[in-house]
Structures are given as C-alpha cells and as structure tokens.
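Model the full assembly from the supplied sequences, consistent with the hints where possible.
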Amino acid sequence: MNNIKPFQEAILSSLADLTYPQQPNELYEPIRYILNLGGKRLRPVLTLLAADAYGNWKQAIPQALSVEIFHNFTLVHDDIMDDAPLRRGKETVHEKWDVNRAILSGDAMLIQAYMQLVKCDQQHIAALMNAFNKVALEVCEGQQFDVNFEESTAISQDQYIEMIRLKTSVLLGAALQFGAIVSSAPEQDQQHLYDFGVKLGIAFQIKDDWLDVYGDPEKFGKQVGGDILANKKTLLMIHALETAHGDQQLELNKWLDTSDQPQQKVKEVTELFTHLGAGEKAKEVMDRYYSDSLESLAKCSMMPSDKRANFETFANWLMERDH
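Under the numbering used here, residues 8 to 330 are what the sequence shown spells out, in order.
Be aware that a few hints might be false.
[Stated by the list, open to error] Here are the computed lysine-lysine pairs in the DSBU-like style, where the Cα-Cα straight-line distance is at most 30 Å:
hint : residue 1 : residue 2
1    : Lys65     : Lys141
2    : Lys306    : Lys290
3    : Lys47     : Lys290
4    : Lys47     : Lys12
No lab work stands behind these hints: they were computed from the structure.
This is the structure:
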C-alpha cells in the first residue's frame with residue numbers, strides 16, 4: 008500500500024507534534040501513551056484519501072487527527088467496560104494507571120478531538136460539527152447495543168449488523184466525510200463516500216470476526232478464539248446458534264456455559280462453526296457488503312478516476328489482510 012505511505016507518515020508526524028500542558032501530567036500522560044501505541048491508523052488515512060480526491064490533502068490533517076484521537080478515546084473507555092488487560096500488546100490505560108485516570112483522560116481526548124476538528128475554513132465548521140456529533144452519538148449507541156447483546160441469547164443477523172454499523176462502521180464513513188467536506192466535495196459525493204465507508208466498515212468488522220476464529224495466531228496479533236471465550240455474538244456465533252440442532256446444539260450450549268478449559272472450548276466451538284458453515288456464511292455476508300461498498304464508491308461522479316482507484320486499492324488491501 009505504497010500510495011497511502013505519505014498519509015501515514017503525515018499522521019504519525021502530526022501526532023508526534025501534538026503538545027500538551029505540563030500540568031496536570033496525570034491527565035495528559037495517558038493520552039500520550041495511548042496515541043503512541045501504534046495501530047493501523049486506517050481512519051485518519053481515509054480522511055486524507057478523501058481530501059486528496061477533491062483537493063489538497065494536507066489541509067485535512069487536523070480533521071484526520073480528530074478522527075484518530077476520537078477513535079482512541081473510544082478504545083480507552085471500551086477497555087474499561089470490557090476490563091481488557093491489553094491493547095495492541097501493551098497494558099491498557101486503566102491497567103497501567105487506574106480507572107479514574109482512564110475515564111478523565113478519555114474525556115479530555117474527546118475534547119481534543121473537537122479542537123482539532125474545527126481547525127479549518129469557517130465555512131466548513133457547521134457541516135463538520137454536525138457530522139461529528141452524529142457519529143459520536145452513534146458510536147455510543149453501538150457500544151450500548153454490544154453490551155446488551157452480552158446478556159441476550161436471541162440476537163439476529165440484522166441486529167448484529169446494525170450494532171457493528173454503529174459501533175465501528177459509521178466512524179469509517181465519517182472519516183471519509185470529513186475529508187470530503189474540508190475539500191469542498193459535492194454533497195452527493197460526500198454522501199456516497201460516507202456510504203462506501205460504512206459498508207466497507209461492516210465488511211471489515213466481519214472479516215475481523217472471521218480472523219478471530221480462523222486467523223493465524225502469529226499474524227493476527229491477538230489471541231485467536233477470544234470472541235469464542237467471551238461468548239461474543241458475532242455473525243459466526245449467531246449462525247451457529249440458529250442452525251445447530253440435536254447433539255450439535257447441546258454441544259454448543261455446553262461450551263457457552265463453560266468458562267474453564269479455554270483451549271478445548273476454542274477448539275470444539277471452532278469445529279462446530281466449521282461443520283455448521285458459520286465461517287462460510289460470514290464470508291458470504293462480508294463479500295456482499297464489500298461489493299456494495301464499491302458500488303457506492305462508483306457513484307462519486309465528480310471524483311477523478313485515478314483517485315477512485317486509490318480507494319479501490321485501499322479497500323482491496325483491507326479485505327485481503329490476514330491480520
């Protein structure tokens with residue numbers, strides 16, 4: 008993905024250039040920590056790709072930073088809710104310090120995201136604020152649905168898709184929308200880019216769910232089978248719950264009620280998924296959303312063809328990844 012390297016380098020450089028007040032260090036140290044943990048930086052790259060399609064991408068760097076800061080803010084708070092010990096192979100903020108500092112530092116990151124967002128021409132501020140407020144609230148809604156699903160056994164495929172649309176996908180769409188707004192792209196193209204990002208984001212999350220079960224542990228970067236151990240209602244689990252009958256249903260329910268024997272649980276549930284066609288079903292839905300995303304991209308009538316090719320390359324790279 009050499010075509011996005013300049014964007015990634017600009018984001019990393021701009022993150023490194025961010026300055027914070029000296030005091031209280033207890034508030035700002037966790038922010039520096041989480042923003043330096045790495046990650047794919049996919050969302051800010053999308054902002055710069057969108058800006059590049061209609062103008063000078065460098066003018067959208069503050070909005071790209073806004074997206075990245077907001078995304079990491081959600082991770083800090085999600086990790087608290089999940090009581091997660093690790094993030095990108097390192098201690099989570101609340102584990103390294105404590106829950107109170109993680110909450111407050113996360114709140115400060117949300118404010119910093121707004122501060123970066125409005126660093127643009129006055130004419131774009133209202134549109135950016137409206138788009139940001141919408142996506143910020145939707146991400147909260149998606150997180151709440153995800154929490155609700157932990158306590159429910161009757162989750163449909165449509166409910167799951169809506170949850171990941173809100174929790175994960177709308178931010179990819181908004182990241183593209185921000186770049187398009189700053190570059191004064193036609194409103195129709197802004198909407199089509201947003202739709203492209205949302206549909207690609209759904210496909211991206213389903214691929215992530217599939218990799219959690221069938222990915223190579225050496226490449227995936229986190230524990231394979233983590234969703235199985237947590238009884239997550241992913242598309243694979245939903246399909247298994249809907250199609251298992253008789254002995255398979257008894258076996259699946261047994262493992263859902265089991266918290267010990269983690270290695271055996273992952274092995275047995277993975278085998279059930281395979282026998283029930285859950286992995287193939289997930290890939291089928293993923294491919295459909297990926298195809299739909301490219302259809303939305305093709306509707307961006309004012310985007311030069313060479314710029315559209317950059318998005319197609321990015322989308323293909325995202326969906327072909329093995330980690």
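When the hints from earlier in the document are held up against this structure, which numbers fail?
Every hint satisfied by this model.
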